[in-house]
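Chemist: If you read the protein sequences in the order shown, they are chains H and Z.
Residue numbering for the first sequence follows this note's numbering, beginning at 1 and increasing consecutively.
Residue numbering for the second sequence follows this note's numbering, beginning at 315 and increasing consecutively.
Be a bit skeptical, because a hint or two may be false.
With a straight-line cut-off of 30 Å between C-alpha atoms, the simulated BS3-like cross-links for lysine-lysine are [to be verified]:
1. Z:Lys585 <-> H:Lys200
2. Z:Lys441 <-> Z:Lys464
3. H:Lys271 <-> Z:Lys347
4. Z:Lys347 <-> H:Lys97
5. Z:Lys385 <-> H:Lys217
6. H:Lys217 <-> Z:Lys531
7. H:Lys200 <-> Z:Lys464
8. Z:Lys433 <-> Z:Lys491
9. H:Lys119 <-> H:Lys150
10. H:Lys271 <-> Z:Lys531
11. Z:Lys441 <-> H:Lys200
12. H:Lys217 <-> Z:Lys585
13. Z:Lys321 <-> Z:Lys578
14. H:Lys97 <-> Z:Lys585
15. H:Lys200 <-> Z:Lys411
16. H:Lys33 <-> Z:Lys514
17. Z:Lys411 <-> H:Lys217
18. H:Lys7 <-> H:Lys33
19. Z:Lys514 <-> H:Lys271
Because the hints were derived from the structure by calculation, they are not lab data.
There are 2 protein chains.
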Amino acid sequence: MQMDRVKISDSEPQPVLIVGSVGYDDIETPYGKDERILGGSASYACLSSSYFAPTRMVAVVGNDFADEDFKRLNSHGIDITGLQVDKSGPTFTWSGKYLENFNQRETLDIQLNVFENFKPVLPDDQKDTRYVLLGNIHPALQAHVLDELKAPDVFVAADTIDLWLTIERPAFLELLKRIDLLVINDSESELLTGESNIIKAGAACRALGPDKVVVKKGEHGAYFFYEGGLFALPAYPVTELRDPTGAGDTFLGAVMGTLAAMDKRDVDSIKTALLYGTAVASLTVEAFSCHRLESGGAETIETRVAELREMISL
Amino acid sequence: MQMDRVKISDSEPQPVLIVGSVGYDDIETPYGKDERILGGSASYACLSSSYFAPTRMVAVVGNDFADEDFKRLNSHGIDITGLQVDKSGPTFTWSGKYLENFNQRETLDIQLNVFENFKPVLPDDQKDTRYVLLGNIHPALQAHVLDELKAPDVFVAADTIDLWLTIERPAFLELLKRIDLLVINDSESELLTGESNIIKAGAACRALGPDKVVVKKGEHGAYFFYEGGLFALPAYPVTELRDPTGAGDTFLGAVMGTLAAMDKRDVDSIKTALLYGTAVASLTVEAFSCHRLESGGAETIETRVAELREMISL
Chain H
1 MQMDRVKISD SEPQPVLIVG SVGYDDIETP YGKDERILGG SASYACLSSS YFAPTRMVAV
61 VGNDFADEDF KRLNSHGIDI TGLQVDKSGP TFTWSGKYLE NFNQRETLDI QLNVFENFKP
121 VLPDDQKDTR YVLLGNIHPA LQAHVLDELK APDVFVAADT IDLWLTIERP AFLELLKRID
181 LLVINDSESE LLTGESNIIK AGAACRALGP DKVVVKKGEH GAYFFYEGGL FALPAYPVTE
241 LRDPTGAGDT FLGAVMGTLA AMDKRDVDSI KTALLYGTAV ASLTVEAFSC HRLESGGAET
301 IETRVAELRE MISL
Chain Z
315 MQMDRVKISD SEPQPVLIVG SVGYDDIETP YGKDERILGG SASYACLSSS YFAPTRMVAV
375 VGNDFADEDF KRLNSHGIDI TGLQVDKSGP TFTWSGKYLE NFNQRETLDI QLNVFENFKP
435 VLPDDQKDTR YVLLGNIHPA LQAHVLDELK APDVFVAADT IDLWLTIERP AFLELLKRID
495 LLVINDSESE LLTGESNIIK AGAACRALGP DKVVVKKGEH GAYFFYEGGL FALPAYPVTE
555 LRDPTGAGDT FLGAVMGTLA AMDKRDVDSI KTALLYGTAV ASLTVEAFSC HRLESGGAET
615 IETRVAELRE MISL
């Protein structure tokens, strides 16, 4: 079906392929709690990307994945050819709690379930995708996706979490040599490089491989490090923060969707894409799960991008 | 003497009058410690403002204030006609320690000394100053300076600290109705308004009186709240943080100096002034006391402002 797309350019949007997790979350924040809500890096990133470009999801769900949730993905026009349904067990679940100021998150429980034996399989006709987002999963699986890709000019972005930087560091360092854009948060950049100063950490990340690096600072925005330069972007001024889960995945999904819509990956285009990423991420945090992300709509996204442009205009 | 001025505009810079403290600090940071170093809100703010405009200091020192320190103020061309020398006792002293991440500061000792009986006296020929910075001192003293001012179109900026928001709240709330620009940090904005969300806190500060409000976020930059708008500015990307003392005073000194140099106080001019404030503050934090602020020079400031402009350019 046709999505309510954000109009980025006159050219035909290129497809984006996104690999990551799909799961059910139990989440508690200072504002409330909700159970068994659609979550996972691929869910947020695909719903976000789909505002900009045709989006291909590569992930796995179990025997309990609800029809309603398939419909949610469908209603955003997401191509789920690469979404495996593993009947041998239930879908991945995560349970977490945010402490008072939202700055700290505690994982209460993780059940990998069908995710434990997941190996991403790219449909043959998706192997030539030129915009690929490696969402947070085991770096060996991220590398496996790269092995399957065939486009000579593929642009690859990757995210990760502190877990892999700790227990799978060598594999992640190998992966870094093969990607174009790394997007991680500030504490992860310190864990990866040993630098507590974010400016030094960003430069050190680039020295590990990726030509372009974005370090996210949550409510304080993000830094984009590129050859010879630095771009600083504020967060969208959210006043009704409800649940930050998925903000980073949403951000990167919109960044890649925007780049695919423009079919560009130069520094200036990435700066523009970061504005869209910021705007869409601000939707995600205003409600639990993907609800506000799904309902936000192209017009709201465009309004927020215009506000962000104004916020940094001299 | 003639200062190494930053060239802001072709018009003649207007004078800036700055009231605040001058003191000797003992400071310990994760990088080292230093004793009996020149500090105080007026010292930092005046040295900073003097890069842009003729600067008039209103403050007090005691019988132990060193000739060398008078010379430091003189060599920056600061008019010390309004600097009282109280022979009855020693200069104000402050002793503080920064904890590991620089985000927390502990006051170890304060000796008010001659500051205890300080009452600012404005030289008659300075009462018509049109750019006035009320640095952090007791709000009753800040109000007293306002009472002395005569220019019908004076532009007044004020800073404070959490202490006054706690023990002199009514006096500070009265002051707020009389100033044009409030500049405080994020924790102070929460203490003042009860809003933990910085966007709501900034709006709530404006509702208390000042038409224009800047909320500083340290390494994360600052927000400027004005009628119908919001401007977000990153911090200068400092990689060699040594001692953050005086950064806020330096910031505001340069903001007011820039506005006086342009003789403008509209929203766009304040945005530009905030860039200069950010650039000069980045000098202060690179060394203990005012040393790097004093030696930085106009050319370095201009280079850093250019870098900041580039950092927010799409």
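Chemist: Decide, hint by hint, whether the structure agrees.
Modeler: Hint by hint, here is what the structure shows:
no., hint, result
1, Z:Lys585 <-> H:Lys200, "holds (27 Å)"
2, Z:Lys441 <-> Z:Lys464, "holds (6 Å)"
3, H:Lys271 <-> Z:Lys347, "violated (41 Å)"
4, Z:Lys347 <-> H:Lys97, "violated (40 Å)"
5, Z:Lys385 <-> H:Lys217, "violated (43 Å)"
6, H:Lys217 <-> Z:Lys531, "holds (13 Å)"
7, H:Lys200 <-> Z:Lys464, "violated (49 Å)"
8, Z:Lys433 <-> Z:Lys491, "holds (22 Å)"
9, H:Lys119 <-> H:Lys150, "holds (18 Å)"
10, H:Lys271 <-> Z:Lys531, "holds (23 Å)"
11, Z:Lys441 <-> H:Lys200, "violated (47 Å)"
12, H:Lys217 <-> Z:Lys585, "holds (23 Å)"
13, Z:Lys321 <-> Z:Lys578, "holds (15 Å)"
14, H:Lys97 <-> Z:Lys585, "violated (39 Å)"
15, H:Lys200 <-> Z:Lys411, "holds (25 Å)"
16, H:Lys33 <-> Z:Lys514, "holds (24 Å)"
17, Z:Lys411 <-> H:Lys217, "holds (26 Å)"
18, H:Lys7 <-> H:Lys33, "violated (35 Å)"
19, Z:Lys514 <-> H:Lys271, "holds (27 Å)"
Comparing the model with each numbered hint stated earlier shows that hints 3, 4, 5, 7, 11, 14, 18 do not hold.
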